[in-house]
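Asker: The lines below spell out each chain.
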Amino acid sequence: MTFVVTENCIKCKYMDCVEVCPVDCFYEGENMLVIHPDECIDCGVCEPECPAEAIFADTEPGLEKWLKLNAEYAETWPNIAVKRAAPPDADAFNGTPDKFQYFSPAPGQGDGAEETQPTPPPEPAPQP
Amino acid sequence: MTSCPGVDCAQAPPDPTQLSEDAIRLLVDRFYAKVRQDEELGPIFAGAIAEDAWPAHLATMRDFWSSIMLTSGRYHGNPVAAHRPVEGITPALFERWLALFAETCAELFDQAIVAAFMDKARRIATSLQLALFYKPEHDRPRAAP
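Chains as they are written, first to last, in my numbering: chain A, 1 to 128; chain B, 1 to 145.
Hints may be right or wrong, so weigh each one.
Here are the simulated DSSO-like cross-link-like pairs (lysine-lysine), alpha carbons at most 27 Å apart as the crow flies [what the hints assert, rightly or not]:
#, chain 1, residue 1, chain 2, residue 2
1, B, K120, B, K34
2, A, K83, B, K120
3, A, K65, A, K83
4, A, K68, B, K135
5, A, K83, A, K68
6, B, K120, A, K65
7, B, K120, B, K135
8, B, K34, A, K65
9, B, K120, A, K68
Quick caveat, the hints were computed from the structure, so don't treat them as lab data.
These figures come from a predicted structure and were not determined experimentally.
Using the sequences and the hints given, assemble the complete structure.
Answerer: Right, dumping it as structure tokens:
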């Protein structure tokens with residue numbers, strides 16, 4: 001069992017959820033977040049934190065599409081546990097219908113933006 | 001009153017209708033004192049957590065329950081990975097854990113708070129058990145030979 005991020009997160013991405021998640025199971029796309037179903041411990045702490053009311057338990061009916069989308073993109077998008085500012089037009093999109101047309105499969109920046117720097121090559125092993 | 005070495009068991013939470021960091025601390029300390037003395041759970045925990053690691057474990061558990069019940073965001077970890085290497089862990093032990101947790105909650109809090117704790121505890125226990133014990137191949141009928 002897991003919680004699932006659904007349509008109203010698209011273009012809202014308030015990110016309040018990522019700060020309260022005890023197991024850091026949110027992953028960030030360009031304009032939406034998803035939950036990794038194998039990492040979520042079903043505690044439900046995130047659900048009431050979402051200003052867009054986009055998070056549901058997977059026991060709710062009709063979430064198959066979103067469960068699949070969460071599982072798929074959690075594998076490729078970067079992890080996010082630190083909240084940043086929501087998109088400037090987040091409030092304007094909150095609750096608007098048919099938001100899936102805006103869904104972007106591109107990854108977001110995640111927490112590790114600075115970690116995308118190439119790591120320096122390892123020191124050569126000392127000669128005996 | 002159960003004897004809990006190192007824990008002030010006589011101390012009741014200031015208000016059984018209010019959740020607070022202090023109340024969670026008391027719950028966690030008292031609960032794990034019971035766990036360590038429990039016939040079923042005690043040996044499993046003793047095998048997984050060394051004597052000198054208990055203060056750190058209790059601190060982690062206070063952070064965990066604070067994050068769950070007060071959304072403090074203090075705990076960040078991977079409970080599934082933490083439970084995977086535990087030797088002798090079984091679904092029956094999860095039931096024993098839940099029973100002891102319910103008993104301890106009921107000593108400290110009113111019915112509404114006990115229910116809130118147990119809702120979270122049961123959800124998390126189910127989720128951990130799915131992660132630890134569920135084998136998808138058991139869902140499918142065996143292929144004909």
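Asker: For every hint, state whether the structure bears it out.
Answerer: The hints, checked one at a time:
This hinted pair checks out: B/K120 and B/K34 have alpha carbons roughly 20 Å apart, not beyond 27 Å. For a cut-off of 27 Å, the pair hint linking A/K83 to B/K120 stands: about 24 Å separates their Cα positions. Between the alpha carbons of A/K65 and A/K83 the distance comes to roughly 26 Å, so the proposed pair stays at or under 27 Å and holds. Between the alpha carbons of A/K68 and B/K135 the distance comes to roughly 19 Å, so the proposed pair stays at or under 27 Å and holds.
The suggested pairing of A/K83 with A/K68 holds, with an alpha-carbon distance near 24 Å, which does not exceed 27 Å. For the hint linking B/K120 to A/K65, the alpha-carbon distance of about 26 Å falls within 27 Å, and the restraint holds. Between B/K120 and B/K135 the alpha-carbon distance is near 24 Å, which keeps this suggested pair within the 27 Å criterion. Only pairs whose Cα atoms come within 27 Å are accepted, and B/K34 paired with A/K65 is rejected, the gap being roughly 44 Å.
Distance hint between B/K120 and A/K68 is fulfilled; the C-alpha atoms sit about 25 Å from each other, no more than 27 Å.
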